[in-house]
Structure formats: C-alpha cells, structure tokens
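S.K.: Construct all of the structure, not just a fragment, from the sequences and the given hints.
For the protein sequence lines, the chains are A and B, in the order given.
The letter at position 91 of the first sequence is residue 91 when you use our numbering, and the numbering goes up by one with no holes.
For our numbering, add 1000 to where a residue sits in the second sequence, where the first one is 1.
In case anyone wonders, no lab produced these hints; they're calculated from the structure.
Glycine residues also receive a C-beta, built at the ideal position from the N, C-alpha and C atoms.
Certain hints may be false.
Stated by the list, open to error - On the chain A side, residues computed to face chain B include the following (Cβ under 10 Å):
id : residue
1  : Asp48
2  : Arg58
3  : Tyr79
What the hints assert, rightly or not - Here are some chain B residues the structure puts well away from chain A; computed CB gaps all over 12 Å:
id : residue
4  : Leu1229
5  : Ser1278
6  : Val1279
7  : Ala1291
8  : Ala1321
9  : Val1405
10 : Pro1408
11 : Pro1431
12 : Ala1690
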Amino acid sequence: MPESLTGHLVVPVDDAEDAHATATALQAYAVEKVTAVHVVEKGGGSLDTIPLEQAEQRAEEAFEAFREVIPDANTELTYHTDVVEGVFEVATDREATAIAFHPRGGGRLTQFLSGDTALRLITESDRPVIALPEQPDE
Amino acid sequence: MSGSEQELARDLGFLEAYTIGLGTMIGAGIFVLPSIAAEAAGPAAMVSFALGGVVSLLAALSLSELATGMPKAGGSYYYVNRALGPFFGSIVGWGMWAGLTFASAFYMLGFGQYLLPLLTPHVDILAEMTGIGKTVAALGMAALLTGVNYYGVKETGDLQNVIVITLVVLIVGFLSLGLLSGPTIGEFNPEGWPAVAATVGTVYVSFIGFEVIATSAEEIKNPSRNLPLAMIAAVVTPTILYVGVMFVSTGTIPLDVLADSEVPVKIVAEDILPGFASVVPGVSPSLLAAAGGTVMILGAVLATISSANASILSAARVNFAMGRDKILVDWLNEVHDRFRTPYRAITVTGIITLVLIAVGVGIGTLAEVASFMYLVTYSLVHVAVVVLRRANPDAYDPSFRIPSVLYPVVPILGAAACLGVLVQMSTNVVPYTLATAGLSLTFPFQLTVVGTIGIVLIAFGVAWYYLYARERAPAMSLVGEAIAPETATAADSDDVYRVVVSVANPDTERDLLRKAAASAHAHDGEAEIVAVNVIEVPDQTSLAQDLTFEEERVDRQRELLAAARDVAADLDVGLRTRAIVGRDAASAVLNVVEEENADQVLLGWTGRRSRREHVLGSTIDPIVGHASCDVTLVKRGPEPDECEDVMVLVGEGPHAPVATRRAAEYVAATENASLTLVNVQPPAEDEGDAAEPVETGEALIENVIERASVTETAYETRVVVDADTEEAILEAATAYDTICVGATRESAVTQALFGSLPEQLGAELDRTVVVARGSERSPMSIRDALIKRLEG
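M.R.: Here it is, written out as structure tokens:
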C-alpha cells in the first residue's frame, strides 16, 4: 500500500510569528500527525549568536504559538550547527513522511546572508518537501 | 525532550572552551600594549603582566565555582545580581557593558594602528597622517564587525580554531626567534614599583576575555572538569605569552623607541629577523625584515578583529541577562526574525563603540577604563562566591568548588587584589587641594582620568538602580542569609495550620476553598483558612482616591468574601477574610502569607502560560518565587461525576512528596474518592528485562510515599512503561478527574518556574490539575539578618 504523504509531517518553525503563520497555513489541510521542529543553531566551537537560554526561550514561544493553532501538534527542540540538517535529522528520527514548511520571503540579499534555508530544504532533502502557500490576509 | 538532545546543546569540550577563551585573550593586548606598558613601567611591565595573570587566575577559580553552580547567560553579572541583589547587579551589568564597549574601541584602534603601516609601507606622507587614518580604519572595521554580527554571518568553530592556532604559532615563533637573537634588558625598573602596580590596571584589559568561558558554561560538556581547566589554561597561556613578548620587546628595542611606536610587535620583528638572514640562503636581510613585519601586522589584524567580535557578542549576552532580570528594558534583546541575532543590542553596542573611537580619548585610556570596569566586576564576583557559600541556597550546587585549602583565601585575596589595582590605577599620590571662597580642602591624592571615568560609570549604575531598576527588578539578595546563615526553619510560634487562599473569581472560589479545607482537615489540631482578595490600584492614583470611583469593585470584593464565608460554614472549617487594596496583588498576597505565618498558599490558575514576561501569570510568578510556605496551584477542570479519582504523578522531582500529600488530603476529604500513584518509566534497553522498569517505578513510588508519610489513605500504584514520557502521562491522565504533580524546577534561582511538565499538563489537560511546591526558605533581607545576628 502506498504511504500517505501527510502521514507524519515534520514542520520547521522559527520564532512565534513564523510558527503561527506556518500553523495557520497548515491548518487548512488534513494531516494525520504533525511535529513542529525548532533547531537551535549552535556555533560548534565558537560563540553562538544568541545565548542558549534565549534560544530555548524563543523555541518555547514558537511551540506555544504553534499549539495555539494546532493544539495536538508534537514539538521537538533540537540543536545543530546547521538548521537545515537539524530538520532533516529530526525527520529521519521520527520517520516523517514529508517535511512541510512555510517560506519566509525576504529579498535576495537577506536570503543570501541568512543562507537560503528554503532552497536547501527543497534541494537537499531525502523525502518529499511541501511548501505551504501564503495565506490570504485574515 | 530526550537525553541525547540535551547532550547536543552542550557542544563545547575542553579544547573548544579553551580556544574560545584564548581567541578572546590573544588580542590587541599582545600587539598594542607592549609600547604603552613599556612607557609606563619599562621592562618591569613583565611583572605587571604576570600580576595581571595572577589576579585573573584567582577570578577564574571563583568564576568556575559560580559558573558550574549556576550556568546562566550573563556570566559575572548574573552571579553578582543573584548573590548581592540588583543594586550591585546594576553596577556590574552596566560596568561589564561599558567595559566591553571600551575594550572593543581599544581593539579597533589597535587594529587601525597596525593596518595603516600595511597599507602605506613606503609612503612617508601617509604615515605622517596616522592620527586620522587609524581612526578612520578603526571606525570602518567597528562598523563592519557590527554589521557582521547584526547579520549573523556564520563564524564556525573551525574558523575560530584556525585563527587561534595561527596566532599562537605566530607568537611562539616571534618568541623563539626573539629569544635566540639574545635580548638584553637594560635598567629593569626605571619607574619604580608603584608604576608597575598601576600598569597592572593598564594591561588588565588583555585578561578580560576568559569571562567568555563562564558565559558559555551551560554549553560546556562535563563542566565540573572542563570549565575550570579551560579557564585556568586560558589565563595561564596568554600570561606566559605576554610576559615573553614583553621580555623580547624591551630586550630588543631601546625603551624610548618602543614607547613611541604604535606597532611595537612589528618593529621588534623587523629588528630581530635580519639577524637570521644567514640561515635562509638567498634572502636579503631587508626582505626578511619586511616579511616579518607584514606577518606580524596580519596577526595583529586577525587578533584585534577576533577579540572585538567576541566582545560585541558578549555585550549582547550581558544585555540579555539584564533584560531577563528586568534591570534593563527587554526591547534591546529582541531577536531578529531572520538572522537570529540580538540585532538591537548589537547595534547599540556598535554605535557606542564608534562614538568612543571617534571621541578620541586615547587608546591607553580606553584600555584602562575597560580594565577598571572588569576589576570592579571581579572583586564583586569574589564577594558573590563567599555570599553564596554561606547562604547556600538550595539551587546552588556547584559541581566545581574552590578546593577547601584555598577557600576562603582565594576570594578574599582575589577581591583585595582587584581593589588594590583599582586604587593604584585610579589615584595619584599627589596632594590635591580644593579651594573655593576661602575654604580649602586638601586630599592626600587625586583621581586620575581613568578613576574619574570609572567612578562616573559606577555612579551611573547606582543612579540607574534607584531611578529604574529598583521598581522593577525583583529584590533578591542572599547577603542577609550569608550574614546569618543558620536560619532556624521558621519556628512556628503558633501550632495553627493556616492556609491562605487568594480568591478572585466567584466561579472557582468554592473549589479553591474546598481544597484548602481538605488540607486544613487533614492536620491534627487547630487549622484555619484565610481568604484574601486584592483590589489592584494603578500607580498613578492614590489608594483611597481610586476606591471611591470603584465602588463596583469594592462591592464585588465584599460579595466574594461573603461567599467564601458561606462556603467555609458548609465545609466546617474556621475562616477569616481579608480585603486588601494594593498596588500589586502578588506582593499583597505575599505580605499576608508572611503576616499570617501561613503553612500553605493556594492560588487559582488558568492553566495557560502567558507570553513573555510572565510564565504562569503576573500574580502567580512572584508568589511561587518568593512564598516561604507550600504553594499549591489549582487549575479547575469540569466537575467530577460522582466519585473523584485522583492521580498523583510520581517522579524524581523534589516536590513529588508534597504533591502526594496534597492528593491524599483531597481524597481523605471527599467521599468515594480514590487515589492512584502513577509513575512512567522508559522501557528497558535489554528486551528480556521487561520487568525491570516496573520494579524501578514501584521502588520510586514507595520512596515517595514514605517521604510524604501518607499512611492513612488507601492508594493504588501504577507503573506505565513507555518510551515517550510526556505522551504516556497525558494519556494516563485522561482516566482521572484530578491530576496532582510536583513542581519540577527549583524556584529559588530559576525564578518562579514550575517546570515544563506541570505547565504542559495544565495547558493540555481538560482536568483539574494541581501543581504543588514544598516550602522553601525565602531570602532574608540584610536588615533582618543583622537583627538575627545581633540577637545571637
């Protein structure tokens, strides 16, 4: 029997605002199981850009915002030197059927500076990747 | 969250922690300071560097203990604020920030001084203009670094390692060749020992970097071993290098030439290297000199950038910690939603650095002010160790302790050394006469420029505390407990078991009182309930004035309390009511708890975490954080049908016994109620040992029952074996009406967090959820402690 694409979605979220937007975009579709993932980016031997405590606090806020929209979502906090790889690792560990994400826009310069996460998610993934559409203004 | 993920958060081993520290320490100090130090103290400045190392080593020991005891962002600021209260917290917080910005400006000017000769090696006219040129270069680099940190352009650990290794190799090479060239020291101490002591202050800026290791404490693997080792190594290595560089420099170049140079290490290298031309065939001495000079310039550029970069990030950490403690507006700490950087804190730090460079206070003064602020900080850090050891709060359990032979010698000596250097660098022993209108006052000394700036910065911290922070920051200080550590566990003067109930909502009031009555009934002897309602009045209006306008609220209060009396009559328990008008509900309730000598305080809870500022609610947080008695939070679920099934979640948390006791009380007071103790265990790793987790769970439950001394209530036990603890708990809970759970985190230091699991249960379960916390000693004020001490 073919596997359902939306059997278990792993959904990367960043801050509360992004989590809310992602969850809202996802809400319109039937999904069996959702795990929201926040990757805390580590320096791996150099100073992190934000203190760990602040990063974890930010993750908590994001999960909270996500659960406000999708209350029964699972959440997973993980740490990695590379955000995209962190997402892939969780997807593999959790045996996710697909990864769904909400693109965050931004100009070319910002995409370049922050390393285009969306592009890498799509091109480097070993499982289906779903880009969630922009919501019409609520 | 599983264990392995936690491990990843701690990604710094000894080597990484050491290189982070070293990268920050081998900075402008080694490349710029030799000329400034040589001018001030001659070759004896070597002793100044060595003394700076000793002062830092003492601070490293104290910091290691504090950092393993409370690994929190903010480093020294956090420990001082926690131990000595927000007054000193403000001083240290602002002091560290100022120190880091002055240091960044110093590094950047050093960068400018070295960069210029690289750009203009043969053009004399440009070299003449170094004054402007170096400032422009410094401003440009500072702006660039601010930008890099704003955008969070990724610096990897590998890059950090490459920089540090390059620098160490470079300096070791410089030292070896320098020593081989046979340096000769002239007059060792031309300026006298007081100058040497004062020079410690000047060069101390090169030692402030090891703090960054303490700041990263929560990320270090096996911190009890790696943290102190990394700190000590990160102090000792540069100390040896600094002393060596000073020796080679003063031994190679005449003192006055060295003192006049802005690029001391470069000219020394140029002087040494031609001597080795015979060893390298085919290379002219002048080419070798030029190459050596250029390599040293590149090293200096690398080092100054690396130090300044770490300073800017460290400054943002101090800002974050201050914001968390409400000493500073949180606005500054907002994280950029795309770059994941605290962009506002970084921008503000960058701007101040630019201003400091542009103002032109002089590179020596910049270094000295940075040193001054850190010496103040470290002297308070030493005091904090002593205070924490004596007060010994529950949450302070450092995995590294200053060895007993060295305590309290290290903190006392350390604080004295810091103060000694501070006094030496900020005063000139020249009589100073203040004369106005015929009156003259003579001081035996006068303040140096650095002393003046330093005192102004401290005064700013003090003023900030009184004008801003005092109102907002929770007053916590362990100094009182340190003075009178043997706090007798609040000797209950009366034997009455008293439960304070905060009532605010007529719908939940009855249930809260019922729970309070259950606790009261369970205690032999006298018991009573005190129902409190607080009317909060905004700051602007006077207490009396507002009330006349708000008769409605007063009426409501009266009704609430009247209803409470009715409920109490039904429940057959003594009840007193207290109607209070106050600025802040939390402190009003805390006052009542104190005055009534309460044994338990009971609060209603919506079950929701509120965003940002408060975890469980503006009233609940401070009460959970500061009440000295048992605290119980109740989130009310739907009415149970007929019989009430109570479940207690038993784990290894410190408050599980209290939660069990509460549950037993509620069961005892209700007809047809049942009590079940539930524990969740992960499955055995070895498949054949399926019985093992059950046994572990049973043993745990038994232990908790014993500690809770619940003997009279019948109970059942249940061990659930499941890999996903949280899921299993949530699932098990659906079979019961009331879930009791102990607080999971100690609240003394983490301030008012009940822990993530209870919070999650409250948020997700459509059941009555009771979160219980046992009694805790609340911090004593200094005044109380002195009185206690004097009373003997």
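S.K.: Hint by hint, say whether it matches the structure.
M.R.: Hints versus structure:
no.	hint	verdict
1	Asp48	holds (8 Å)
2	Arg58	holds (6 Å)
3	Tyr79	holds (4 Å)
4	Leu1229	holds (16 Å)
5	Ser1278	holds (42 Å)
6	Val1279	holds (37 Å)
7	Ala1291	holds (30 Å)
8	Ala1321	violated (8 Å)
9	Val1405	holds (34 Å)
10	Pro1408	holds (30 Å)
11	Pro1431	holds (47 Å)
12	Ala1690	holds (24 Å)
When each numbered hint is compared with the structure, a violation occurs for hint 8 only.
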